[in-house]
Each structure stands twice: as structure tokens, then as C-alpha cells.
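Undergrad: Residue 84 in the numbering used here sits at position 78 of the sequence shown; the count goes up by one each step and never skips.
If you're looking for bench data, these hints aren't it; they were derived computationally from the structure. Some hints could be false.
[Stated by the list, open to error] Simulated pairs of lysine-lysine, BS3-like, Cα-Cα distance not exceeding 30 angstroms:
| no. | residue 1 | residue 2 |
| --- | --- | --- |
| 1 | 181 | 80 |
| 2 | 19 | 32 |
| 3 | 80 | 70 |
| 4 | 157 | 50 |
| 5 | 66 | 117 |
| 6 | 253 | 243 |
| 7 | 30 | 19 |
| 8 | 80 | 117 |
| 9 | 163 | 181 |
| 10 | 19 | 70 |
| 11 | 30 | 157 |
| 12 | 117 | 181 |
| 13 | 236 | 181 |
| 14 | 181 | 66 |
| 15 | 70 | 50 |
| 16 | 236 | 50 |
| 17 | 41 | 26 |
| 18 | 227 | 181 |
| 19 | 157 | 181 |
| 20 | 221 | 181 |
| 21 | 30 | 70 |
| 22 | 50 | 26 |
| 23 | 41 | 30 |
| 24 | 26 | 157 |
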Amino acid sequence: MAELLNNPNLMAKARSELGKVVGKEKMVEESDISKLPYLQAVVKETFRLHPPVPFLVPRKTEMKSEILGYAVPKNAHVLVNVWAIGRDFTIWSNPNSFVPERFLECEIDVKGRDFRLIPFGAGRRICPGLLLGHRMVHLMLASLLHSFDWKLEDGLKPEDMDMTEKFLECEIDVKGRDFQLIPFGAGRRICPGLLLGHRMVHLMLASLLHSFDWKLQDGLKPEDMDMTEKFGLTLRKAQPLQAVPIKP
């Protein structure tokens with residue numbers, strides 16, 4: 007929907023196709039999807055440019071091999087970067103642009119048979135929910151486009167939309183396996199209290215938020231809070247937080 011709202015001409019094409027195939031007096035049904043090639047192209051282009059996950063489930067090589075001059079040892083863990091494949095200039099023309107038409111004249115699908123487009127994975131590790139998910143995405147998008155007119159909030163123009171992505175579903179954790187985030191350390195010297203501390207922080211924060219409403223003391227405003235930190239054996243706020251719990 008974000009890409010279509012960012013490209014009103016493409017949304018108009020998809021809605022025009024729905025109007026011709028489904029009509030205005032009828033709701034979209036699953037049996038209609040096979041008659042909507044442009045809608046299918048929109049979904050494929052979305053999977054290419056914005057795959058559900060940036061990396062597939064990790065694989066392990068069964069034998070030593072060489073790929074494009076790179077030596078891959080036996081039992082190596084391999085991560086397939088589907089996000090990068092979808093934006094590869096050697097595979098796609100104008101890869102950073104949303105162009106559904108590129109799929110109208112080719113037979114590429116998302117079922118793991120063509121490695122240019124594998125948002126659900128491939129082989130024995132392919133997503134078991136592929137068929138259901140694939141059907142539902144088409145049906146939901148078609149229903150949204152067919153049932154409503156759409157506009158951006160607060161008079162925002164398509165050219166002013168922020169289409170940057172954030173990898174909310176990344177698998178970075180605090181258990182020492184990813185050096186982008188190691189508050190408890192890593193390796194043999196990792197904090198022995200990691201598991202207990204990690205659980206307690208979540209439980210305490212959830213309980214405080216769930217049990218009380220909160221306000222700052224003495225009418226202090228959020229923008230006036232001092233968020234500087236004091237370094238020592240532990241890291242804490244330079245000025246202690248003074249907050250007042252209120253029983254809801």
C-alpha cells in the first residue's frame with residue numbers, strides 16, 4: 007500500500023483492472039485473483055523490493071565448493087540475502103524503483119523455482135505457509151484497493167513520503183552472538199547472570215508500565231529532562247529519575 011500510495015498512477019492501474027474484472031457491485035473473491043495479472047505483478051514487485059525478511063533461514067553446506075571464485079568450506083553456515091538479490095543491478099533493470107510491469111511479460115514466481123525472487127525461501131527449508139500467505143496477500147490487497155479510495159494523511163504528497171526501511175524483524179539479540187549489541191559481553195567471559203537479568207528487566211519494566219500511570223515530579227516537562235549519563239563500574243543517569251507513580 008505504501009508503494010502504491012507513493013505511485014498514484016500504479017494504484018490507478020490496479021484499481022482499473024479490479025473494476026473491469028470484479029465490477030463495482032461485487033466483492034473480491036479468491037477466484038478473481040487469477041484474472042488480475044497486474045495485481046499479481048504488484049505483489050511480486052513488493053516481494054522483490056521489500057521481502058518479509060532480509061535473510062533466509064541459515065543453511066549449511068554439505069561439501070566444499072567454489073562459487074564465483076569464492077571458496078566455501080564444508081559445513082559452512084550460509085545466509086542468503088534476499089534483500090540484496092532483489093536490488094542487484096546485474097539481475098534487475100532499475101532495481102531501486104517500484105515497477106510492477108517488469109513481471110507482466112515473464113514467468114518468474116515466488117515458489118522457490120527461480121532464485122531471482124525467493125521471498126519465501128526455496129528447497130526443503132521453504133516457508134510452510136507459502137501457499138496460504140501468498141493467497142492472503144493478494145486477496146487483502148485486492149479488497150483494500152477495490153473497497154476504498156485512498157489518500158495520504160494531513161495533505162502529504164507522494165513525493166514527500168519517507169520510504170526508508172527499518173529491519174524490525176532482525177534477529178539481533180543481547181546473548182553475545184551479534185557484536186552490534188553485546189551489553190552482557192560475549193564468549194567465555196559473558197556475564198553469568200545474563201539469563202536472569204534479561205528476564206527480570208523485561209518483567210520489571212512491563213509491571214511498572216502495566217500497574218501505574220506515570221508523571222514527572224514537580225511538573226517537569228519531558229523536553230527538560232536531563233538524559234546525560236554518569237560513567238562508573240555501572241552506567242546510570244547523572245541525575246536520578248524522579249517520577250511519580252499514579253494508580254490508574
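Undergrad: Hints broken by the structure, by number, lowest first?
TA: 9, 10, 12, 15, 16, 18, 19, 20, 21
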